[in-house]
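Colleague: Make the full structure from the sequences, and use the hints.
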Amino acid sequence: MLSTGIDIVKNSRFDNISDRLRDHLFTDYEIENSNGKSEYYASRFASKEAFVKALGTGFIKNITPKCIEVRKNSNNQPYLVLTKDILDMIGSREVSLSISHEKEYSVAMVVIS
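Numbering (this note's numbering), first residue to last: 622 to 734.
None of these hints come from the bench; they were simulated from the model.
Be a bit skeptical, because a hint or two may be false.
In silico DSS-like links for lysine-lysine, alpha-carbon gap of 30 angstroms or less [what the hints assert, rightly or not]: (1) Lys682 to Lys631; (2) Lys724 to Lys658; (3) Lys724 to Lys687; (4) Lys682 to Lys724; (5) Lys693 to Lys658.
Modeller: Shown next as structure tokens:
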């Protein structure tokens, strides 16, 4: 079964993010690699939202934003690192992520196949 999710976020939404909210939404790895950029946080949050939309659950008790981490491979392509609970839910299905951003907005699309 193929499922997709897409999300768009206004970058300025993360201009003055509080430490509390940042720590709730993003992993230590993501925070360390953000350089404090709003565009970075917006694209990561859009990725997490797109994933839970593709999954069809939204954020629920055992699937929080910190259960989903966005990284880049050696070719600079983004990919998701997921917790064991989420991996158990999707089984052997593959997850693909695409991120794009411009001056005001970041967008992410996730395909689970």
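Colleague: Against each hint, give a clear statement of whether it holds in the structure.
Modeller: Hints and how they fare:
1. Of the supplied pair hints, the one linking Lys682 and Lys631 holds, its CA atoms being roughly 26 angstroms apart against a limit of 30 angstroms.
2. At roughly 12 angstroms between alpha-carbon atoms, Lys724 and Lys658 fall within 30 angstroms of each other, so this suggested pair holds.
3. Under the criterion of a C-alpha separation no larger than 30 angstroms, the hint pairing Lys724 with Lys687 is consistent with the structure, at around 26 angstroms.
4. About 34 angstroms separates the Cα atoms of Lys682 and Lys724, which puts this hinted pair outside 30 angstroms; it is violated.
5. The suggested pairing of Lys693 with Lys658 holds, with an alpha-carbon distance near 16 angstroms, which does not exceed 30 angstroms.
Hint 4 alone, counting from the list given before, is not met by this structure.
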